[in-house]
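Residue strings, one per chain:
Number of protein chains: 2
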Amino acid sequence: MPNVKHQKWWGWGEENVFFTWENKPAFAPLVKRAVGIDLRPRQRDTVDFATADVPGSQISDDDLQALREIVGATHTVLDDELRIVHWAGKSVTDIIKTLQNRFERVPDAVVYPGSEDEVQALVKAAVERDLVLIPFGGGSSISRSLQPRPEETRTVVSVNLGRLNQVLEIDEVSGLARIQAGVLGPDMEEQLNGRGWTLGHFPDSFNHSTLGGWAATRSSGMQSDKYGDIADIIRGMNAVRPGGVVKLRPLPSTSTGPSLREMFIGSEGRLGIITELWVQVHRIAEHREVIAYMFPTWQQGLTAMRLIHEAEVHTTFARISDARETEFSLATQKAPTSLKKTVAAKGQDALWAVMRRRGWDTSAMCIAYVCFEGAKDDVARKKKVVAGIVKKQGALTLGSGPGALYDQKKFDTPYLRDFLLEQGVIGDVSETAAPWARLTTVHKNVYEAAQSAFDELGKTGWIMSHMSHSYHSGACLYFTFAFEFTEDVDREYALVKTRIQQAFIDAGGTLSHHHGVGAEHSPWMEQDVSPEGVELMRGLFRTADPGENFNPGKVLDSPDTLFKVLGSEGSGQEQ
Amino acid sequence: MPNVKHQKWWGWGEENVFFTWENKPAFAPLVKRAVGIDLRPRQRDTVDFATADVPGSQISDDDLQALREIVGATHTVLDDELRIVHWAGKSVTDIIKTLQNRFERVPDAVVYPGSEDEVQALVKAAVERDLVLIPFGGGSSISRSLQPRPEETRTVVSVNLGRLNQVLEIDEVSGLARIQAGVLGPDMEEQLNGRGWTLGHFPDSFNHSTLGGWAATRSSGMQSDKYGDIADIIRGMNAVRPGGVVKLRPLPSTSTGPSLREMFIGSEGRLGIITELWVQVHRIAEHREVIAYMFPTWQQGLTAMRLIHEAEVHTTFARISDARETEFSLATQKAPTSLKKTVAAKGQDALWAVMRRRGWDTSAMCIAYVCFEGAKDDVARKKKVVAGIVKKQGALTLGSGPGALYDQKKFDTPYLRDFLLEQGVIGDVSETAAPWARLTTVHKNVYEAAQSAFDELGKTGWIMSHMSHSYHSGACLYFTFAFEFTEDVDREYALVKTRIQQAFIDAGGTLSHHHGVGAEHSPWMEQDVSPEGVELMRGLFRTADPGENFNPGKVLDSPDTLFKVLGSEGSGQEQ
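From first to last, the protein sequence lines stand for chains A and B. Per full-length UniProt numbering, the first sequence starts with residue 1, numbered consecutively. Per full-length UniProt numbering, the second sequence starts with residue 1, numbered consecutively.
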């Protein structure tokens with residue numbers, strides 16, 4: 001078995017990591033109120049792979065032999081469990097289908113190339129033998145970027161790049177590193193940190209996603225305010241195509257026509273396979289603080305976030321949870337287990353009392369976290385500017401205690417989703433970006449859209465949101481929604497998800513700020529980039545891949561699984 | 001005649017604006033030493049258009065009628081002078097050919113559409129009638145982006161967008177403006193400034209270039225450190241194609257697959273015609289200062305510029321001239337004409353004396369300008385950080401006097417080129433970007449490459465450079481070169497230019513940081529973005545424009561006029 005780290009086959013992340021609610025006294029009551037269920041103790045520690053009913057590999061001996069000749073027998077895998085690990089990403093519907101034994105088209109083989117030359121040979125073989133290749137990073141996609149098309153009749157090969165996991169060189173003067181595409185976040189940071197550097201790119205999926213995956217799906221990390229989206233971070237790359245390797249040298253900026261770099265970023269495997277990248281790296285910041293602030297209302301908090309960016313404070317991140325997410329966040333606090341924590345909890349109670357005395361509606365208050373990095377005096381100066389801005393918007397500074405908590409918990413959320421699934425509850429996310437002037441409307445309309453779906457389904461549903469990723473002209477709004485599902489889960493999910501996505505577009509937001517398109521969001525591409533824009537992009541894919549050998553059906557022309565289940569009840573969108 | 005501002009037909013900019021050397025005592029001696037000629041008084045105030053021998057329009061009555069029906073008779077122009085204004089950009093070879101009556105393929109008509117609908121009708125007519133359309137902004141291209149292919153036999157129509165010159169709306173909350181593509185820099189800034197806003201984009205061509213032109217050629221303004229390259233500034237756009245309008249809504253960031261926005265930016269008309277843009281606009285800075293510093297050496301200055309960026313000072317620009325350009329800059333100072341200026345000049349002499357006492361080789365010293373914007377205390381703080389950095393690199397702070405001078409002179413340089421042409425001297429520019437670690441080598445190698453060409457031509461030649469446009473990972477190096485030309489000017493120019501361009505690429509730089517590709521730089525595309533990258537881009541152009549109706553021969557597959565003239569003496573590069 002190849003020496004590559006995989007996620008568990010039946011859910012997010014690693015075995016034996018669980019979300020626990022028993023030590024969080026406010027959590028069960030919130031869930032009861034939010035989605036109407038009584039939480040039960042967790043039953044599921046793991047799922048026996050023997051329960052999986054896996055469609056057999058359809059690979060021919062001849063194709064198998066060809067793959068083995070390219071990557072070696074050890075790195076050509078037909079094993080059922082690994083094929084299931086590679087059959088999909090980790091969207092909530094992927095996991096439900098997996099748990100319910102509703103596999104669609106499962107890859108016939110998984111290969112683990114050990115060099116760019118091997119990737120080149122695989123890509124050539126794909127064209128010669130009419131195979132379908134799907135590049136696989138950490139498998140964390142929640143936009144269905146990794147599934148073969150259900151109707152695919154040709155041999156499907158998942159190309160796991162996990163062996164290409166080295167930081168190859170660091171240009172310490174220019175702050176550039178050349179890194180192989182298959183490296184997982186923690187492995188990469190460890191290699192960089194060892195030499196005093198960091199990429200500064202920390203998406204929620206960080207522990208289980210790769211640099212190449214971030215590139216191919218237009219990822220953005222929680223610290224993008226300082227370190228940039230992945231498109232800013234990437235300065236050059238190698239991408240393997242049937243005709244050869246597209247080599248984009250590391251350049252701070254260039255005027256060489258339409259940007260090939262920006263074509264490969266977000267291409268989700270449709271233009272070829274990215275094998276290595278030149279990326280901007282930064283010296284690890286001398287000093288770092290995350291400060292929490294509490295705002296009396298969402299609107300004041302949102303205004304403060306905008307003004308912080310406008311004031312050119314250059315924070316590392318600035319995010320604010322709306323009232324619902326604030327409530328949720330507080331409900332996931334652990335009960336105090338030590339004297340120190342009891343004192344802290346009493347401090348918190350005292351704070352709430354202060355707020356009530358000030359006339360706050362504590363059910364409307366919103367928590368914000370702002371991260372500052374730099375030299376100590378620089379951090380102090382930035383904090384002061386931010387303190388002035390938030391004060392004018394009525395906020396109280398909570399200090400660095402909750403901020404430190406935020407920093408520790410940031411990658412844990414997806415495990416909660418798996419826990420909820422066992423409880424019969426879907427918890428999922430949808431995110432967008434929009435100009436500052438439209439954020440309030442987007443937020444309001446998405447709430448209404450989700451509620452309309454919940455009402456239609458006769459369910460008690462939950463939605464909450466935060467704003468993060470500030471830009472000159474706008475920001476990201478990130479929504480989490482939840483509801484109890486039934487046997488009719490496909491239709492239930494499709495209704496809620498499509499209503500939310502449509503609300504994004506109708507209010508001037510984009511179909512996704514940083515989760516990519518995959519098959520999940522492709523129904524909105526025409527509305528987002530216009531029909532003529534889709535036509536031009538389709539032309540690019542056709543000219544780049546006339547035989548549809550490279551992850552076909554992603555970004556554009558995807559098999560529809562959302563509107564199709566809705567049938568005539570759908571929102572009437574053109575596919 | 002359409003109410004649109006044009007540049008003069010025989011050179012840069014406006015009639016009756018001239019470079020004058022008689023009041024600059026150090027200038028003539030420098031020119032003598034640099035290129036070996038004795039300056040004569042300017043003879044040429046203008047050039048009579050009657051001396052131009054203009055190829056006639058080849059448009060058919062039928063095509064002419066069709067154009068008139070779309071844009072109206074007033075806005076369909078066959079006038080010879082306007083056809084010559086639109087036949088080329090303003091590269092030095094364009095101007096030489098124009099002055100020498102060596103016109104190649106001149107557009108058969110110039111049209112001035114007044115709306116996006118008219119542009120749409122033109123684009124459709126181009127496909128139906130097999131016309132060639134070349135979008136025309138301010139006509140300032142120095143990369144041959146505007147010439148028809150010399151061998152073009154079809155009807156060629158230059159599409160001047162000058163009537164589309166309005167700021168249509170400003171979203172004051174999001175800092176976004178929707179602006180028509182044909183607006184000239186000063187006209188746009190006037191409209192924005194009137195409402196308290198600025199784009200902050202000031203390329204050298206600012207007075208004679210348009211927003212759409214900046215988009216189509218991947219422009220960068222001198223204040224890009226703060227305001228971004230044009231690709232950062234543009235957040236959405238309308239681009240007209242035969243099948244309809246690609247509409248990209250204004251978004252701070254998005255995850256919608258390969259970036260269509262970044263495909264149109266730099267597309268030089270090959271994917272369609274850009275009609276309007278959503279751009280980031282900024283409140284006019286409260287306070288602005290440009291401070292000059294003098295460094296003992298180029299290397300120390302370059303290091304300081306890098307450290308300023310690394311320290312996250314967030315300057316508006318930071319540029320440093322090398323020793324040659326510093327000398328040139330000082331040589332264009334006017335003789336003092338008032339007591340105040342005499343005192344200032346004496347102050348300067350005193351400063352030189354200080355430097356000599358410190359042991360500086362004054363022929364090696366390099367002048368830098370750093371621009372600070374913001375609230376007064378913010379500017380003061382930034383200045384202090386920069387003062388600390390430059391001091392460690394041995395620099396003296398010259399203060400804001402020379403800085404103010406720089407701010408005033410910034411758009412005047414191209415007139416110098418026209419003046420030199422009359423003196424028989426080519427003065428031209430070539431610029432690149434490269435990682436910080438490579439800048440010293442690029443600089444050194446370009447000097448050697450230019451010298452090798454001068455030697456080969458048996459000429460006294462001149463080259464000088466500055467660094468500007470800082471990024472995390474590198475910066476732009478901008479070179480100006482000059483030599484006396486003969487009747488063999490095509491070969492002389494080609495030799496010097498190709499040697500410089502090749503030195504860029506060989507040392508890890510790009511073929512251009514912000515002048516676009518056009519036909520001039522296309523021979524280096526394969527070396528810059530790799531042969532397979534070119535192949536992919538070629539596929540995009542073919543799928544977008546199978547009939548080659550939209551500015552064919554730009555960016556890729558351009559008619560070769562550099563290596564062809566060099567023949568076997570060329571650098572042996574693949575075309």
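Errors might be hidden in some of the hints.
When chains are identical, the list treats them as one kind, so a pair holds in a single copy or across two.
As a list, the in silico EDC-like pairs of lysine to aspartate or glutamate whose alpha-carbon atoms are at most 20 Å apart [said to hold, decoys possible]:
1) K226 - E310
2) K391 - E526
3) K247 - D506
4) K24 - E526
No wet-lab data here; the hints were simulated from the structure.
Each hint, compared with the structure:
no., hint, in the structure
1, K226 - E310, "both (14 Å within a copy, 13 Å between copies)"
2, K391 - E526, "neither (43 Å within a copy, 55 Å between copies)"
3, K247 - D506, "between (39 Å within a copy, 15 Å between copies)"
4, K24 - E526, "neither (44 Å within a copy, 60 Å between copies)"
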